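Enquirer: Here's the letter readout for the chains.
There are 4 protein chains.
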Amino acid sequence: MSPLDLDRDAAWLSREDLDAARDKLPILYVDLVPVRVDDRGQVIAVGLLLRVSEDGHIMRELVSGRVLHHERLRDAILRHVEKDLGPMALPRVPAAPQPFTVAEYFPTPGVTPFHDPRQHAVSLAYVVPVAGDCAPQQDALDLTWVTPNDALDPLLIAELARGHGVLLRQALAHLGFAI
Amino acid sequence: MSPLDLDRDAAWLSREDLDAARDKLPILYVDLVPVRVDDRGQVIAVGLLLRVSEDGHIMRELVSGRVLHHERLRDAILRHVEKDLGPMALPRVPAAPQPFTVAEYFPTPGVTPFHDPRQHAVSLAYVVPVAGDCAPQQDALDLTWVTPNDALDPLLIAELARGHGVLLRQALAHLGFAI
Amino acid sequence: MSPLDLDRDAAWLSREDLDAARDKLPILYVDLVPVRVDDRGQVIAVGLLLRVSEDGHIMRELVSGRVLHHERLRDAILRHVEKDLGPMALPRVPAAPQPFTVAEYFPTPGVTPFHDPRQHAVSLAYVVPVAGDCAPQQDALDLTWVTPNDALDPLLIAELARGHGVLLRQALAHLGFAI
Amino acid sequence: MSPLDLDRDAAWLSREDLDAARDKLPILYVDLVPVRVDDRGQVIAVGLLLRVSEDGHIMRELVSGRVLHHERLRDAILRHVEKDLGPMALPRVPAAPQPFTVAEYFPTPGVTPFHDPRQHAVSLAYVVPVAGDCAPQQDALDLTWVTPNDALDPLLIAELARGHGVLLRQALAHLGFAI
Numbered sequence: 022m023s024p025l026d027l028d029r030d031a032a033w034l035s036r037e038d039l040d041a042a043r044d045k046l047p048i049l050y051v052d053l054v055p056v057r058v059d060d061r062g063q064v065i066a067v068g069l070l071l072r073v074s075e076d077g078h079i080m081r082e083l084v085s086g087r088v089l090h091h092e093r094l095r096d097a098i099l100r101h102v103e104k105d106l107g108p109m110a111l112p113r114v115p116a117a118p119q120p121f122t123v124a125e126y127f128p129t130p131g132v133t134p135f136h137d138p139r140q141h142a143v144s145l146a147y148v149v150p151v152a153g154d155c156a157p158q159q160d161a162l163d164l165t166w167v168t169p170n171d172a173l174d175p176l177l178i179a180e181l182a183r184g185h186g187v188l189l190r191q192a193l194a195h196l197g198f199a200i
Numbered sequence: 022m023s024p025l026d027l028d029r030d031a032a033w034l035s036r037e038d039l040d041a042a043r044d045k046l047p048i049l050y051v052d053l054v055p056v057r058v059d060d061r062g063q064v065i066a067v068g069l070l071l072r073v074s075e076d077g078h079i080m081r082e083l084v085s086g087r088v089l090h091h092e093r094l095r096d097a098i099l100r101h102v103e104k105d106l107g108p109m110a111l112p113r114v115p116a117a118p119q120p121f122t123v124a125e126y127f128p129t130p131g132v133t134p135f136h137d138p139r140q141h142a143v144s145l146a147y148v149v150p151v152a153g154d155c156a157p158q159q160d161a162l163d164l165t166w167v168t169p170n171d172a173l174d175p176l177l178i179a180e181l182a183r184g185h186g187v188l189l190r191q192a193l194a195h196l197g198f199a200i
Numbered sequence: 022m023s024p025l026d027l028d029r030d031a032a033w034l035s036r037e038d039l040d041a042a043r044d045k046l047p048i049l050y051v052d053l054v055p056v057r058v059d060d061r062g063q064v065i066a067v068g069l070l071l072r073v074s075e076d077g078h079i080m081r082e083l084v085s086g087r088v089l090h091h092e093r094l095r096d097a098i099l100r101h102v103e104k105d106l107g108p109m110a111l112p113r114v115p116a117a118p119q120p121f122t123v124a125e126y127f128p129t130p131g132v133t134p135f136h137d138p139r140q141h142a143v144s145l146a147y148v149v150p151v152a153g154d155c156a157p158q159q160d161a162l163d164l165t166w167v168t169p170n171d172a173l174d175p176l177l178i179a180e181l182a183r184g185h186g187v188l189l190r191q192a193l194a195h196l197g198f199a200i
Numbered sequence: 022m023s024p025l026d027l028d029r030d031a032a033w034l035s036r037e038d039l040d041a042a043r044d045k046l047p048i049l050y051v052d053l054v055p056v057r058v059d060d061r062g063q064v065i066a067v068g069l070l071l072r073v074s075e076d077g078h079i080m081r082e083l084v085s086g087r088v089l090h091h092e093r094l095r096d097a098i099l100r101h102v103e104k105d106l107g108p109m110a111l112p113r114v115p116a117a118p119q120p121f122t123v124a125e126y127f128p129t130p131g132v133t134p135f136h137d138p139r140q141h142a143v144s145l146a147y148v149v150p151v152a153g154d155c156a157p158q159q160d161a162l163d164l165t166w167v168t169p170n171d172a173l174d175p176l177l178i179a180e181l182a183r184g185h186g187v188l189l190r191q192a193l194a195h196l197g198f199a200i
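Protein chains in written order, with the working numbering: chain A, 22 to 200; chain B, 22 to 200; chain C, 22 to 200; chain D, 22 to 200.
Just so you know, not all the hints are guaranteed correct.
If chains are identical, the list can't say which one is meant, so a pair holds when it fits in one copy or spans any two.
Claimed, not checked - Keeping only pairs whose Cα atoms sit at most 25 Å apart, straight-line, the calculated SDA-like set for lysine to any residue is:
no.	residue 1	residue 2
1	104	72
2	45	61
3	45	123
4	45	93
5	45	104
6	45	91
7	45	99
8	104	75
9	104	160
10	45	138
11	104	61
12	45	89
Keep in mind that the hints were calculated from the coordinates and are not lab data. Predicted, not measured: the structure shown is a model, and the values here were computed from it.
My request is simple: use the sequences and hints to build the entire structure.
Expert: Encoded structure:
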C-alpha cells in the first residue's frame, strides 16, 4: 500500500461521520462532463452514465464525486473519471483550476437548479476530454456517447437526475453550442 | 430573530464539531479581493486587512471565510464582506458563480502555494468591488487601500499570510495588470 | 472637441473603407448583456432592445458594437452601453478583461450559431449590470426588461436576431440559471 | 489546392491593404502559451520561441498570430501552433472559446502592459497543451522548454518582447502557480 493510499484511508470517513458532517457543512464535489474532441478541439460527443437510482429508477448522470481530505482537485478529477469510466479513459485533466461554473446542490428542491436530498454540496464543474477507452464501472449500467446536438434533446435532459441536465446544458453553452 | 438567523444558528458547528470535521473533510471557503473601481470599471485600489495573528504577529489578509451549511455562495460573499468591511461597504457581489481561481489550502506547507495550519480548505476566489464606506471590523486593526501597483510591492506581499500574497497577485493578473 | 474626440474621429473609417476592411479582416465587437441585479448580485432582469431591422422587420437585440482603433475594451463597453441605454445608465463595466464567451459571427449562416450578413465579426461577450436610468436611444424603438425566466421563453428568444438568442441563453447559463 | 487554401488566399491581404487596415481598425490576434502537462494535467514546462527581432535583437516570444478573415478561432489556434512548433506538435486546442485573458496591444507604449509598434491588436490568450514533437519553424532560432518556476525568472521574463513576459506570468497565475 502506497503512502498515498494510507493517506486516503486516513482521510475516509465512516458512514456515520459522513452523515454527521453532511448535517453541518457544505460538502465539496467535482462535477465532470466527459467529452470526446476532434483534432481541432471541437467537442463531438458527450459521455453520460446510466444508473439505477436508490429508489429503483433508471437515470442518467454526469461523472461526479466528493473531494477527499488532503486530496488535490486534479487528483479528485482523475480519480472520479477512472472510477466511472475506467482506468484506460486517459482523461485530460484541466491544467487550470478555474471551473466553468460552480453548482450549488441543496437538500431543499428549488433553492437552486441543483438538488441533492442527502446534503448541501458545492460542486466545481469542469469539461474533461477523454482520449482513451471508456467503459462503465461499478454500479453504472451503461455509458452512452451522444452528440452535443442530441445531448440537448429535452427527453434526454429529463433523464438526468439532480439537475445534471441543467449542468450539461450550461457546459454546452460554455463550449459555444446553440443551447 | 428571522427564520434565516434560526437557520444559520442550526447550521453552526460547535468548536469541537468543526475541529472534528476539519480532520476529515476539505472545508469550503470564499476568498475575496475587495477593490475600488472607477467609472470605467478600472481597479484603482485594493483593500487589505491588518490583523494580529494567533501567534502575535502583525499580518495582512484578504477578506476570507467559511461557507456555512445551507448558505448560498452569494450570501457567504455578502456576509464576509460585511463582517470584515462593515455594513455600509455596499459590495457588488459577482452575478456569476465562476470564480477567477480556486485556492487549495493544505495543512502541510508546500503542497500548493496556499497554507492553512488548521485545515484543508478549498476556497473560491472572487474580486468584489465595494462602493460604500468601509471600516475594519471586529479583530482587524486596520483596513488599508493600496493602488494595484503598490499592491505588487514584494514587501507588502510578504506581509500577507497563508498565501494571500500569491492570491492577490493572481487576482491582479486576472484583472489585466502587469504582475 | 476633446483630444479623445479628435482621436476617435481620426479612428473612424469612411463607409467605403469599412466595407473594404469587412471583406478582408475579422472585425472586433463587444456583445453586452445589460442586467439589473439585487443587493446579493442576483440578476433580476435582462434588458433587450427593440429595433426595426434594415429590411423592415421588428426584432430584439442585445447591446452590441464595434471596438474602434485605439479604443480600450472598457471604453468600448462604456460607449456602447451609453449609446444604446443612454448617458444615465451607470453601467458597472467588468473589472477583468476575461469575457464569459467569444461569439464568432460569420456571413455564411450555419458555420456557428452566430450570423452577420455584413461581415465576419468576433465578439467578446460580457454581462454588464446597470444601476441607473436606462432609456432607448437613437434608432431603438423600446427597451424592455424581462426576468431571467421570461428571457428563456422560446417566443422571445426567436425575436432576437443574428444569434443573440443563443448568446442570451449562454449568458444566463453562465449566470447559473436553469437554461 | 484545397477549397480551404483558396478561401485563405482570398482572405489574405496585400501588405499595403494590411498596413492600411492597421491604421484604422484593431486587429484580432490569438496569443498561445504552449505547455507540456503530466497525466494529472499539471503543467511541467512552458515553450518559448527564440527569434531575431526586426531590429536585430535576440528575443523570446510566445506563439502568436493574426486571425484571418473567415477563419474560426480554433483553426487560427491550430494554424499558429503548427506554424511555430511544427506539424507534429499535436496541440490540444481548447474546447471552449473563453480565453483566460484578453491582451490589448497598443502602438503607444504604456497604455496597457502590451505594446505592438505596428498596430492596435486585441489578442485572445489561451494555454495550449501540446502532446507531440515540437521543433522551431521558419524564422525561429530555437524553441526552449522551461519549468513554470524557471519561467518566472526575471531575467527570462525580460527577454520576452511586446509584453509577452506579462502575458506569460498572467498565464502562470491562471494555472495556479505562485507568481
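Enquirer: Run every hint past the structure and note whether it holds.
Expert: Checked hints:
1. 104 x 72: within (14 Å within a copy, 44 Å between copies)
2. 45 x 61: between (45 Å within a copy, 24 Å between copies)
3. 45 x 123: Close inside one copy (20 Å) and across copies (22 Å); limit 25 Å.
4. 45 x 93: Result: close both inside a copy and across copies, 23 Å intra and 14 Å inter.
5. 45 x 104: between (27 Å within a copy, 21 Å between copies)
6. 45 x 91: This pair counts as both: shortest intra-copy Cα distance 20 Å, inter-copy 9 Å.
7. 45 x 99: Between copies, since 20 Å is at most 25 Å while 28 Å is not.
8. 104 x 75: within (19 Å within a copy, 41 Å between copies)
9. 104 x 160: within (10 Å within a copy, 45 Å between copies)
10. 45 x 138: This pair counts as both: shortest intra-copy Cα distance 14 Å, inter-copy 22 Å.
11. 104 x 61: between (28 Å within a copy, 15 Å between copies)
12. 45 x 89: Close inside one copy (17 Å) and across copies (8 Å); limit 25 Å.
Checked against the numbered hints above, the structure violates none of them.
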